[in-house]
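Work out the full structure: start from the sequences and follow the hints.
Residues in the sequence shown are numbered consecutively from 0, following numbering that gives the first Met the number 0.
Keep in mind that the hints were calculated from the coordinates and are not lab data. The beta-carbon is built from N, C-alpha and C at its ideal position, and this holds for glycine as well. There may be inaccurate statements among the hints.
In silico DSSO-like links for lysine-lysine, alpha-carbon gap of 30 Å or less [stated by the list, open to error]:
id, residue 1, residue 2
1, 176, 420
2, 875, 890
3, 890, 1065
4, 853, 827
5, 298, 221
6, 918, 967
7, 517, 582
8, 838, 918
9, 1017, 1046
10, 67, 130
11, 764, 892
12, 1046, 936
Just the calculated beta-carbon pair ranges, DEER-fashion [unchecked claim]:
id, residue 1, residue 2, range
13, 547, 14, 57 to 63 Å
14, 690, 717, 37 to 43 Å
15, 32, 392, 23 to 29 Å
16, 29, 392, 22 to 28 Å
17, 890, 1067, 52 to 58 Å
18, 215, 567, 37 to 43 Å
19, 375, 215, 21 to 27 Å
20, 829, 785, 52 to 58 Å
21, 1071, 897, 25 to 31 Å
22, 316, 605, 53 to 59 Å
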Amino acid sequence: MAKMEVKTSLLDNMIGVGDMVLLEPLNEETFINNLKKRFDHNEIYTYIGSVVVSVNPYRSLPIYSPEKVEDYRNRNFYELSPHIFALSDEAYRSLRDQDKDQCILITGESGAGKTEASKLVMSYVAAVCGKGAEVNQVKEQLLQSNPVLEAFGNAKTVRNDNSSRFGKYMDIEFDFKGDPLGGVISNYLLEKSRVVKQPRGERNFHVFYQLLSGASEELLNKLKLERDFSRYNYLSLDSARVNGVDDAANFRTVRNAMQIVGFMDHEAESVLEVVAAVLKLGNIEFKPESRVNGLDESKIKDKNELKEICELTGIDQSVLERAFSFRTVEAKQEKVSTTLNVAQAYYARDALAKNLYSRLFSWLVNRINESIKAQTKVRKKVMGVLDIYGFEIFEDNSFEQFIINYCNEKLQQIFIELTLKEEQEEYIREDIEWTHIDYFNNAIICDLIENNTNGILAMLDEECLRPGTVTDETFLEKLNQVCATHQHFESRMSKCSRFLNDTSLPHSCFRIQHYAGKVLYQVEGFVDKNNDLLYRDLSQAMWKAGHTLIKSLFPEGNPAKINLKRPPTAGSQFKASVATLMKNLQTKNPNYIRCIKPNDKKAAHIFNEALVCHQIRYLGLLENVRVRRAGYAFRQAYEPCLERYKMLCKQTWPHWKGPARAGVEVLFNELEIPVEEYSFGRSKIFIRNPRTLFKLEDLRKQRLEDLATLIQKIYRGWKCRTHFLLMRKSQIVIAAWYRRYAQQKRYRQIKSSALVIQSYIRGWKARKILRELKHQKRCEEAATTIAAYWHGTQVRREYRKFFRANAGKKIYEFTIQRIVQKYFLEMKTKMPSLSPIDKNWPSRPYLFLDSTHKELKRIFHLWRCKKYRDQFTDQKKLIYEEKLEASELFKDKKALYPSSVGQPFQGAYLEINKNPKYKKLKDAIEEKIIIAEVVNKINRANGKSTSRIFLLTNNNLLLADQKSGQIKSEVPLVDVTKVSMSSQNDGFFAIHLKEGSEAASKGDFLFSSDHLIEMATKLYRTTLSQTKQKLNIEISDEFLVQFRQDKVCVKFIQGSQKNGSVPTCKRKNNRLLEVAVP
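Rendered as structure tokens:
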């Protein structure tokens, strides 16, 4: 709604009908169409009198902001558009101002938005009540209890991603000012069977997934868990991840909420340890083992999981293992121990997991109650919020659905009773004649279920306690005997069944005609789920746990407190809880929120009329409307009624002087509304038919348009008159200001003219005086100038001979100085780049500057070379020094040299330090390796080549085998006398050794390498560095090589093209070795 719109009634700008009581005509089709129309316009709330119908939008809407809270605060219920805040405000104000305890009943099926509705109610109450540090702490604890209970009690189902799998009733306690003091939470029937088994497409409780996703690695290791969901049998994998749900972030939220609510760190850790133990229980598997007596006994397959569970819980492993394999039955003074087969062992394991989790959940609720309970003992006002399961009709309905639907029957019963009671009380209070209203009373269905003698729950308990063989089939037979004639009970064997021959009703089922429709229940599992037995051996094993929390959850396991009396069944416990809840609700003023799910896809903007129709039927909404409008459809206090419709009567418009009731009577008489269409109460007017109200609204709308036209006419007249008076006043002001401006302007002109005349006269006088002074000054200057010229003439005559003798030399020096100055200034702008290889230099302008020009060029080149060298690192300087050395040694001498100029000298071509193949070689060399390269060593006998690793260190030259890395030869550098090579484009070179040295025993070495220039240069520099003597580099196409005792001539010749680009070496005779170079 726009900011400028002001709503004073529910009827203003209404989309569809805001209150279903006013719907005309009233039938199922119009009811659904009205809901759909409002849903399509994002109006998700609709009233049925004081009942709020909420349609889940499955998306966020901007209707819950703090501004909205302020809009609905302290406003009449029907004053603004339907909203959950209106009901919350009405309940809170009734509690605060009228001292009436309130309860808000939120019902609907799973996925209809009940949990969100309860959160909105609590958040609104928290926002509008008092402030202060203590009050804010109480509010925060009440609100933060929700995330904790949702994590442990909610799960993803096929209908809802955050479905409450337990019933919750919270009493919020207030003081006399309306400030919250604390609260008490009651929980009903946690769906603990979900712990061990989930339907397809559904998940286990949220906390299991949140723990595995959000816990740190340290915490998971402490809990002996792994992050992978597939490791745990109790977690369904097909829906482990939910779109839009961040389990890790939700885990952090839950831990923070537990801290705010008041959980100590060790308590939170204990809770997580119990959750981990439940998870790991599902991984225990059993195998059959035959005993001597022929009976089957179960044994645990893998005891590792059992060991970790015992470490977590502090239970003796042998005790827990025995509890899974044996069952002890006590009767009076006797004890009988029997073995469990595999099926019974799995039953015992699942029963323990369900009981452990269920009791943990109850402990959590009690622990939260301890934190949020009121600390003072003053009298308190109470507002209860009931968020409980809606009516459930599934394909397979079991004991859980039976119990849930029984609870909904009781809620429907109290809803009808309290609604009729409220209507009747208002009629009596307003002195209106009460007319009897026919409605369906579902007490007969409640009696069918809860009757103490022949009710279904009583017969189920009786069957569970009966000695002998008890099965689900015997229970169904008993139902057929006792309930056969009941009109709301049907089974295949019942006498009144109309489906006696209908195969759609199986033998193992029975059907109950609930107020919401017929529900078919599978009788399988009723007896076991009602018994809810946990073997005493497991209870005692849990009590023996070293884990404080687990021990406290199983008090019946204490041997000192053994009670042979059978524990109450699940059905009887729930029946007692529902009875207590009903008694509690009847003491409070009820407020209802009916939640509806628009579609099964959990998608926005989709309205499934068939699904909504089904919910409308089982919620009894149409019946609720009929009850509400059975007498009078609309009622309103006299003051707001008169205020809204007073413009329809001349006597009441614009102000009525008398009592409001009298004004309404005059108004209705003037409008000639039939007397049977309305009645006057003590404080309200009651209108019987919605058509009468809509007629009033139409008349009011037409009258408002007429009044708007009148107001526009009067306003326009006033605006024109006001504008004329303003224009007239403005004209007078403008005229006055203009006359003032004209006089000021005339005065400024006269003043300016006088100043001009004065300035002209003063100027004329000044110029006259100036001319006289100038004439006098010129006379004085003329006399001075004549005297100076005269004296100058005398001086020049005297010194003329000296001037002529020196003038030429000075003019020459000045000219030369100017030419040199101009030369240097031009050179400044013509300087070449700083690159040392740039040979450009500006031409000299004058011949006499030739030597200076050359010297300048030399100095500039030396300077830029220095600047270039200053940029070098030490490593780069070394590379250039080696390149310079190579240039001095081989330039214009060796044909291979030009191709090596552009190749950087790397030295270590083999990564000896990194390659594990050469680890042995690396360990044998302690000095720094300067060159590591593979060369071809020429065989002295036949000229063939062999690959060798050539290594040059600071003091030695080494040859090693390429494959094994074994050192073959080691030559000290002091024994190297000369290096010989050809002048051609080949890589052959000979290393000559000192005669008589140990290394020269086999003669000189002849090698071929692709990096000849680099190897020769580095060998030259290293030898010079170590021996302080220059190594002789001989470049010749013929040279002698010492092979053992013989001297062989190595001769280089031009080879044929057929050899390709590879030089070949061939031994001609004992004295000649030819190398063919292409």
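Each hint tested on the structure:
1. 176 with 420: holds, 29 Å
2. 875 with 890: holds, 21 Å
3. 890 with 1065: Holds, because 29 Å separates the two Cα atoms, which is no more than 30 Å.
4. 853 with 827: holds, 16 Å
5. 298 with 221: With a Cα-Cα distance of about 28 Å, the restraint between residue 298 and residue 221 holds, given a limit of 30 Å.
6. 918 with 967: The given pair, whose Cα atoms are some 16 Å apart, holds under the 30 Å limit.
7. 517 with 582: holds, 27 Å
8. 838 with 918: violated, 52 Å
9. 1017 with 1046: The given pair, whose Cα atoms are some 27 Å apart, holds under the 30 Å limit.
10. 67 with 130: OK: residue 67 and residue 130 at ~19 Å, within 30 Å.
11. 764 with 892: violated, 102 Å
12. 1046 with 936: Between residue 1046 and residue 936 the Cα gap is close to 18 Å, so the pair holds against 30 Å.
13. 547 with 14: 57 to 63 Å: Hint holds: Cβ distance 58 Å, inside 57 to 63 Å.
14. 690 with 717: 37 to 43 Å: holds, 40 Å
15. 32 with 392: 23 to 29 Å: holds, 24 Å
16. 29 with 392: 22 to 28 Å: holds, 25 Å
17. 890 with 1067: 52 to 58 Å: Roughly 32 Å apart at Cβ, these two residues miss the hinted range, so it is violated.
18. 215 with 567: 37 to 43 Å: Holds, at about 42 Å.
19. 375 with 215: 21 to 27 Å: violated, 40 Å
20. 829 with 785: 52 to 58 Å: holds, 53 Å
21. 1071 with 897: 25 to 31 Å: Cβ of residue 1071 to Cβ of residue 897: about 30 Å, so the range 25 to 31 Å holds.
22. 316 with 605: 53 to 59 Å: holds, 54 Å
Checked against the numbered hints above, the structure breaks hints 8, 11, 17, 19 and satisfies the rest.
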